[in-house]
Amino acid sequence: MSALQQTTDEVLRLAAEHFRVPREQLRPDDDFFKKLGINSLQALDLLTRIEQHFHIELPDYELQGVSDFQTLAQRIHSRL
Amino acid sequence: MLDLREYNCLGEALRAALGRWPNEVCLIEADRERENLRLTYRQFSETAQPLAKAFQNAGLGGGTRAAIIMTNQSKWLISAYAIFFCGGVLVPLDYKLSAAEQLKLLAHSKAEFLVTEYHLWRAITQDASFKNLTIRSVVVTDAPPIADLGDAKRWEDFHDAGDPIFVPRTRKDAACIVYSSGTGGRPKGCVLTHENYLEQCVALTSLYPFGPGVQYLSILPTNHAIDFMVGFIGPFTCGAMVVHLRTLRPEYIRDAFTRYKITYMSLVPLVLKNLERGLRQRFDELPKGKRAVLNAAIAANRAFTRRRPRLKLSRMLLRQVHAAFGGELKAFFVGGAFTEPKTLDFFYDLGILVANGYGCTEAGTVITVNDLKPFRSDTVGKPLPGLEVKLSNPDAEAIGEVMVRSKTVMSHYLDDPEMTAETIVDGWLMTGDLGRFDKTGHLQLLGRKKNMIVTEEGKNIYPEDIETSFEGLAVKEFCVFAANFLWPERTMLGETLVIVIHPEPGQAITPELVANMTERNRRLLNYKRISAYLAWDRDFPLTASLKIKRSELAQQIRQTIGREALVPL
Chain Z
1 MSALQQTTDE VLRLAAEHFR VPREQLRPDD DFFKKLGINS LQALDLLTRI
51 EQHFHIELPD YELQGVSDFQ TLAQRIHSRL
Chain S
81 MLDLREYNCL GEALRAALGR WPNEVCLIEA DRERENLRLT YRQFSETAQP
131 LAKAFQNAGL GGGTRAAIIM TNQSKWLISA YAIFFCGGVL VPLDYKLSAA
181 EQLKLLAHSK AEFLVTEYHL WRAITQDASF KNLTIRSVVV TDAPPIADLG
231 DAKRWEDFHD AGDPIFVPRT RKDAACIVYS SGTGGRPKGC VLTHENYLEQ
281 CVALTSLYPF GPGVQYLSIL PTNHAIDFMV GFIGPFTCGA MVVHLRTLRP
331 EYIRDAFTRY KITYMSLVPL VLKNLERGLR QRFDELPKGK RAVLNAAIAA
381 NRAFTRRRPR LKLSRMLLRQ VHAAFGGELK AFFVGGAFTE PKTLDFFYDL
431 GILVANGYGC TEAGTVITVN DLKPFRSDTV GKPLPGLEVK LSNPDAEAIG
481 EVMVRSKTVM SHYLDDPEMT AETIVDGWLM TGDLGRFDKT GHLQLLGRKK
531 NMIVTEEGKN IYPEDIETSF EGLAVKEFCV FAANFLWPER TMLGETLVIV
581 IHPEPGQAIT PELVANMTER NRRLLNYKRI SAYLAWDRDF PLTASLKIKR
631 SELAQQIRQT IGREALVPL
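Same order as they appear, the protein sequences are chains Z and S. Numbering of the first sequence is given in my numbering, commencing with residue 1 and proceeding in unit increments. Numbering of the second sequence is given in my numbering, commencing with residue 81 and proceeding in unit increments.
Isolated chain Z (complex conformation) (with noise of 0.2 Å):
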C-alpha cells in the first residue's frame, strides 16, 4: 500500500468514526458532501479530527474546492 492510499485509508476511518457510519460503506472517491449528508461546517469538523489524527495544522482553505475523500487525502499528504 502506497504512503498516499495508507492517508486515504485513514482519512475513511476517521471519517466513519466521527459521522458514525460503517467503514465499508465509503470510498475515496465518494463525495462527502452527499454521501455523509453533511455541510461545510460538519466537513470542517471533520478537518480538525483528522489534524488531531495526522499532528498535522489544516487551514479552513484546504478544505476549498474538495468534495471526496481521495483529494482530501491528497491535500493532507502533501503537508505530511
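No lab work stands behind these hints, which were simulated from the structure alone. A quick note: this is a predicted structure, and the numbers were derived from the prediction, not measured. Hints are not guaranteed to be accurate.
Quick partial rundown of chain Z residues pointing at chain S, CB under 7 Å, derived from the structure [as the list claims (entries may be wrong)]: (1) Asp-31; (2) Phe-33; (3) Leu-41; (4) Leu-44; (5) Thr-48; (6) Asp-60; (7) Tyr-61; (8) Ser-67.
From the three backbone atoms N, C-alpha and C, an ideal C-beta is built for every residue, glycine too.
Chain Z is fixed; fit chain S onto it per the hints.
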C-alpha cells in the same frame, strides 16, 4: 460614536475614528487558540500608513480601483483602510470563487491593484486566463520566505517611509464595487457610494449602538456585505473592538466567545443552525435530572420574555448556557439568507437574542431588521430608519415585490446601464423578492420573483453563472433554473437549482449522459450544485440573437409538468 452625517467618505470617517480612540483596541486576529495580532486604533493607523504611502508611490490615487481577495484576517481591514485613505475604490472579491472567476471579475472591474494571499495568488497564476490579467501592482500576504512571487510584491516589503497624503472623496463618489453575481454570465458589479455606506451605518447604529467596550466577533469574510458593514465600518466608527477569527470551526468559535467576552456577532443561517445543532446535542447528553432543570429554566425564560427580551434575567436563569457564550453576549445578527423561525425561537427561548434581518448588496446591505421590540421569528423585521420600503403591485393576499428607496441604494451596476434601468425604476430598487407587511409594519418574505436561489451560507446563486460548467453537454440545449422559479412556492427555504435538458431528436438519456452531468456537478462548489434534471422534449424559445427566453420557457414547463418530473442528480 462618530456622527457620520458630518463625514463625506469612508476614509475620512475611519481616519477620524483612528484619532478619536487611540488607546482602545480595535482589532485582534485570532487563529484557533493563538492570537496573531492585537492593535489599538493608533497602532492600526501606524500599520496602515506605510502601506498607504507605498500604494500612493505606486500610483494609487483618487478613483483608482483596488481589489482585495483574502480570507478573514486583519490584513483585509488594514489594506481596505489604506485604499480608502488614498481615495481608491475598493473591489472586494470572494476568496471562495475559482481563480478563473476571480480573474474574470478583476478584468470586469478594471482593478489596477490587488492585495491577496499567497495560496490564492498561486491559484490565480496557474489559471489559463492569467496571461490576460492587466494589473499594475499585486501585493501578496502570507508568502513563505522562499516563495518566488515574480513581479508581485511581498506584503512585508510593501511599505514606504514618509506620510501619505490623505485623498478626500465626495459622498457621491464610488467607495466599492461589489459583485453580487455574474461569475459565469453577466457580471453584476454594484457601485456603492460613500454616502450609501455612511447612511447605512447611521441607520444600523441608531438601532444597535456600538461603542468602546463592544467586542465584535467576525467570522464571515469581510468581502461579505454584512461583515464589511457590521464587522468593520460599524465598529470602527464607534470605537469598538473587532476579533477576527481565521477559522469557522465551532470549537474555536466557542473558545473565542469566552476568551474575548464577545458582545455581538454576525452570522449566516448555516452557522446559526450549526450552533443550534451543537447545543441540542449537548442538551441531549445531559443526565435526566439536569435536563429537567434546564427545561424548566427554558420554560420560565420563555414566559418572562414573551413581551420583551430581559437579558439580565435570562443570564440568571440560564447561567451555564450564557457562560458558554462568554456571559456578555447581547445579540447575534443573522442575515444573508432566510432563517427558519424554529431556529430563531430556539435561541430566543434560551435568552440569546437573534436580530434577523433582510437585505441585498444593491440596497447597501440591510433593508429590514428585527428590533426585538418584541421579538418576532416569523418576520425579517421592520425597515431601517430612513429607508422607504413598499410593495409593488400587491395581489389579493397583499403580497408584492419588495422595493426600496433610500440613500443606501447603490448608484448603478458597473458598465451596465440596461440592467441598472431594469433594477432601479424611478428611483426605487426592485429587489425581486416577494413579501407582505403585517399590521405592525413587520415584513414577511414569501418567495422570489427572480430566477435565483440564496443558500444558507448567504450565497446568491444565479443559474446563468452555473451554466458555464455544463457547456458542451451532449444534448441539443439546456438551461438551469431555480426550482421555485419554475414552480413558484411561498417560501424562501430549501431553494434548489435544476437543469432542464432537451436531447437531440431520438437521443435517449443514457447513464453516460447522467454520469457526465453528475461529474460536472461535482466540480462545482457544494453549495452551487444542481439537485435534479428535467427532460424536456420541445425546442427552447429563443430571441433573435439566439438567447434562451428563460421566462417563456419556464412558463411552458410550468404549464406542462410539475416537480414530480424531476430526476435527482
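For this session: State the violated hints by number, sorted upward, taking the hints as numbered earlier in the document.
Result: Violated hints: none at all, because every hint is consistent with the structure.
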